[in-house]
Amino acid sequence: MWRLLAGVPDPEIPVLSIIDLGVVRYVRHAADGRLHVGITPTYSGCPATDAIRSAARAALDEAGHREALLEEVLSPPWTSDWLTAQGRAKLAAFGIAPPAATAAASGSAPAPVHCPRCGSLSTERISEFGSTPCKAHYVCRACREPFDHFKCI
Amino acid sequence: MSAAAAAPVGRDRALNAALFHYVLRLADTSLVLGQRLGEWIGHAPALEEDLGLANLALDLVGQARLLLTYAGEIEGKGRDEDALAFLRDAPEFLNLTLAEQPNGDFAHTVVRQWLIDAWQIEVYEGLTRSADTRLAAIAAKALKETRYHYRFSSGWLVRLGDGTAESQARAQQAVDSLWRFTAELFAADELDERMAAVGIAPQLAAGAERWGQRVDVDLHRATLVRPAQQPHPWHGKRGVHTEHLGHLLGEMQHLQRTYPGVRW
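Residue numbers (our numbering), protein chains in the order written: chain A, -6 to 146; chain B, 390 to 653.
Keep in mind that a hint or two might mislead.
[As the list claims (entries may be wrong)] If you anchor each label on the Cβ, the simulated ranges turn out as follows: (1) B:Asp605 to A:Thr77: 38 to 44 Å; (2) A:Asp43 to B:His432: 26 to 32 Å; (3) B:Arg615 to A:Pro69: 34 to 40 Å; (4) B:Asp494 to A:Arg59: 53 to 59 Å; (5) A:Pro69 to B:Pro434: 33 to 39 Å; (6) B:Gln619 to A:Pro7: 35 to 41 Å; (7) B:Pro622 to A:Cys136: 41 to 47 Å; (8) B:Arg615 to A:Asp43: 39 to 45 Å; (9) B:Asp494 to A:Glu65: 49 to 55 Å; (10) A:Ala(-1) to B:Gln645: 36 to 42 Å; (11) B:Arg402 to A:Asp43: 32 to 38 Å; (12) A:Ala23 to B:Gln642: 39 to 45 Å; (13) A:Gln79 to B:Gln645: 42 to 48 Å; (14) B:Arg615 to A:Leu(-3): 22 to 28 Å.
Honestly, the hints are just simulated from the structure, not real lab data. Yeah, the Cβ is synthetic: ideal placement off N, Cα and C, and Gly gets one too.
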């Protein structure tokens, strides 16, 4: 079942699967005899949430799991810490600087960010926000390339 | 896909009605502020800020959706998030008066955001320990987003305040003109006290002190002056609004009011 869901890409960063992203919280057989799949949204307002839900639904249906129940899980809230090691490697290869391994829980100073192209630590934040809710905008002082950083939250 | 369980069975009717209104207050502040920020799209001073404000708006509207959906379930009359957002009139909106104030210049938008971010941090932080588990879950999620918002708004407050003579004058002007709405943030009324008494909401007074300290530190870094406290005649959270809310709703609700029930 996990392997099946690992085939569902994130709609906004398609190199990541929804498993890489850490949004699938559980897959279990419940007392009602049905398969229950728990999915948590990344950001409250992330427009990809609906798309992820319908893509997961479609994948389950196609694999013959029409009985499976998708459940929304709000607690504990999603954190970028849940990105898998494989997911982080995929992000870096795609040119998006992955988040630090453990997110600063509160507003403490953000950890230095490696440029995903040249690896330099001499990078500068341009904006706390980027093209999607999960990314911030950076530029590398060494190779001068702008890049996205997956926010630590 | 339904989230968590509905309101506990046997919760008494009056408490249920009070909880409905309390959740609406939280939802409406997020929704109205999110709608205001959305007005900047395509007009912000720089592309990065345009994206930043749109991202803040997205989180706020997302929080409002979770809260409005819950409010609709508590009420139990079949109203969903859309019915509550698009088919209520201004006196039924229970947002803080500060949230509905017009964008003004970029400094006004930053100061309004910073004051509300700092308020939401206290309220959501307290709500993570709520006796209402659904509310606690929504608050825990929103709190992470709000702390990130605060980084943006407090950062800009300092940049503008401790910036050029022009940016400092405008930031101070924004603080001076919006300060009169801040007394409402922590003024507890019967509803707040009722919710605190049953362990659903935090005591507002405790948050007020931390909020004040946080705001003072930021103002100091921004080389701005805290205005004198003023009595508060504002009661947005009781449904009494400035004239600005009606205009905002006119735009936000236009489609559903003109073509009732229309869908994408």
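Verification of the supplied hints:
no.	hint	verdict
1	B:Asp605 to A:Thr77: 38 to 44 Å	holds, 42 Å
2	A:Asp43 to B:His432: 26 to 32 Å	holds, 28 Å
3	B:Arg615 to A:Pro69: 34 to 40 Å	holds, 37 Å
4	B:Asp494 to A:Arg59: 53 to 59 Å	holds, 55 Å
5	A:Pro69 to B:Pro434: 33 to 39 Å	holds, 37 Å
6	B:Gln619 to A:Pro7: 35 to 41 Å	violated, 53 Å
7	B:Pro622 to A:Cys136: 41 to 47 Å	violated, 57 Å
8	B:Arg615 to A:Asp43: 39 to 45 Å	holds, 43 Å
9	B:Asp494 to A:Glu65: 49 to 55 Å	violated, 40 Å
10	A:Ala(-1) to B:Gln645: 36 to 42 Å	holds, 40 Å
11	B:Arg402 to A:Asp43: 32 to 38 Å	holds, 34 Å
12	A:Ala23 to B:Gln642: 39 to 45 Å	holds, 41 Å
13	A:Gln79 to B:Gln645: 42 to 48 Å	holds, 44 Å
14	B:Arg615 to A:Leu(-3): 22 to 28 Å	violated, 57 Å
Hint violations for this structure: numbers 6, 7, 9 and 14, all remaining hints satisfied.
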